[in-house]
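Whole structure, please, built from the sequences with the hints as guidance.
For reference, the chains in residue letters:
2 protein chains.
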Amino acid sequence: MITLYDITGKPPIKTGSPNVWKTRYVLNYKKLPHKTIFVEFPDIEDELKKAGIPPSGKKPDGVTPHYTCPSIIDDATGAVVSDSYKIAEYLDKAYPDTPKLFPPGTEALQAAFYDHFPQVLAPLWPIVLPRVPRVVMDERSAEHYIRMYSERFGMPLAQMEPVGEERVAAWAKVKAGFGQLDGWLSKSSGPFIMGDTVTFVDFVVASTLHSLRTLFGENSEEWRDIDGWNDGRWAGILKNLKEYASVEI
Amino acid sequence: MITLYDITGKPPIKTGSPNVWKTRYVLNYKKLPHKTIFVEFPDIEDELKKAGIPPSGKKPDGVTPHYTCPSIIDDATGAVVSDSYKIAEYLDKAYPDTPKLFPPGTEALQAAFYDHFPQVLAPLWPIVLPRVPRVVMDERSAEHYIRMYSERFGMPLAQMEPVGEERVAAWAKVKAGFGQLDGWLSKSSGPFIMGDTVTFVDFVVASTLHSLRTLFGENSEEWRDIDGWNDGRWAGILKNLKEYASVEI
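Chains as they are written, first to last, in UniProt numbering: chain S, 1 to 249; chain U, 1 to 249.
Since the hints were derived computationally from the structure, they do not count as laboratory data.
Heads up, none of these hints are tricks.
Where chains are identical, the list cannot tell them apart; a pair therefore holds if satisfied intra-copy or between any two copies.
Pairs of lysine-lysine residues, derived as BS3-like cross-links and limited to a Cα-Cα distance of at most 25 Å, are as follows:
hint	residue 1	residue 2
1	K187	K86
2	K100	K187
3	K173	K59
4	K239	K175
5	K242	K175
Pasting the structure below:
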C-alpha cells in the first residue's frame with residue numbers, strides 16, 4: 001500500500017494542490033493501491049518529519065529545508081519519496097509492469113516541458129495565489145499561508161491580486177499563455193500531448209487545470225472563459241483523464 | 001534539386017547563421033540533394049523577392065514583412081518555404097520515405113522545446129550579437145547589421161556587450177543556462193535528445209553550438225569554456241552529428 005500525503009482542503013473541497021494532483025493522477029493511472037493522509041497547511045513540516053519523510057528541497061532562502069506535499073511512503077519497498085516529478089520517476093522504476101509515465105526516449109523532452117510549463121502560465125499566479133487561502137483553507141491554514149507569501153513577496157498577499165483594468169490586462173496575458181500552450185498541443189495528432197499515449201506531462205497540465213477549476217469554481221466567469229478558449233481544449237483534457245481523477249481516502 | 005538560401009559569411013567562414021544550420025543539417029540527414037545560394041545580409045529581402053520567396057513573418061514592428069534565411073525552393077514539387085521549423089515540417093511531409101524529424105507523437109513536445117530553448121540561452125545574446133558583424137560579415141553587411149540592431153535595441157550595438165565584471169557575471173549566466181539544458185539532456189539514455197533517435201530538436205541545439213564555435217573560434221577562451229562544461233556534452237553533440245554538417249554549394 002502506498003500512502004500519499006496531501007494538503008487538507010476546506011469542505012466541500014477535498015484537495016486543491018496542483019502538485020498533489022500530479023501524483024494522484026499518476027497512482028490511479030498505474031492502478032497502484034493507495035490511501036491519502038490529509039495534512040493542514042501549517043502542519044506539513046511536523047507531520048512529514050514525524051512520518052520520516054525528508055525535505056524535497058530548500059526554501060527560497062536556499063538554506064532552510066522545505067517539506068512539501070506530495071510525498072509518498074511505499075510500504076512494499078520501504079521507499080519514501082518527495083516531489084511529484086521524483087515520485088513519477090520512482091514509480092516507473094519500482095513498478096516496471098505498470099504503464100510508463102516516461103516512455104524510453106521521451107525523458108529529456110518531458111523534463112524540458114516540465115520546466116517551461118509554469119513559465120507559460122506565470123500570469124495566473126497573481127490572480128490565483130491570493131485566492132487560495134479564501135477558497136481552499138480554513139482560518140488557521142489561511143493565516144499561515146497569507147503570512148508566508150506576504151513575507152516572500154514583501155507585500156500583503158491580497159495586494160498582489162490585480163483589480164479593474166489591471167485585472168483585464170492580466171487576464172489577457174493568461175489567455176495568451178494558454179494560447180501558446182495550445183500552439184504546441186495542437187501539433188499532436190491524438191488526444192494526449194504525445195498523441196495516443198498518456199505521459200507524465202499530460203498529468204502536469206491536467207493537474208493545473210483541475211486546481212484552477214476547483215479554485216475558481218466550475219460556474220465562475222474565469223472557468224467559463226478558460227473553457228471557451230482554444231476550442232474547448234482545457235475542459236477536454238480534464239474529461240479525457242477523468243478516469244484517473246478519483247480521490248482514494 | 002532543393003535550393004537553400006543562406007547568408008554569406010566573410011572568408012574563411014562560409015556560413016554562420018544558426019537558423020540556416022538547422023536546415024542544412026536537416027537536408028543532409030534526409031540525404032536530399034541540394035545546393036546553397038549565399039546572399040549578403042543587406043540583400044536578403046531583394047534576393048528572396050526576386051526568387052519568388054514569401055516573407056517568413058513580420059519584423060518587430062508587427063507590420064513590415066520580414067524576409068529571412070533559411071528559405072528553400074524545391075524544384076521537384078514547386079514548393080517555396082521559409083523558416084527552419086516550417087521547412088523541417090515540409091520535408092517530413094514531402095519526403096515520407098526519408099528519416100522523420102518529427103516521429104509521430106513527438107510533435108508537441110518538440111514544439112515546446114523549440115520555443116523554450118532560446119530563452120534558456122538568452123544570456124548569450126548580448127555577448128554574441130555585437131560579435132557577429134566583426135567576425136562573420138564584410139564591411140557593407142556589418143554596417144547594415146549594426147544599424148539594424150542598434151535601432152532595434154535603442155543603443156549602439158557595441159554597447160550591449162558586457163565588459164569587465166559585468167562580462168564575468170553574464171558568462172556565469174550563460175554557464176547556468178547550459179547547466180539547465182544539461183539537466184534535461186542528461187535524462188536521455190542515448191546520445192540524442194530522444195535517446196537513440198535523431199529528431200529536429202537535436203539539430204536545433206547543434207546549430208546554435210556550431211555557430212557559437214564559429215563565432216568565438218575553436219581555440220577561443222569562450223569555446224574552451226563551453227567545451228569544458230557538463231562533461232564535454234556540447235562538443236560531443238557536434239561530433240555526434242558531424243556526418244550531417246557538410247556544406248553543399
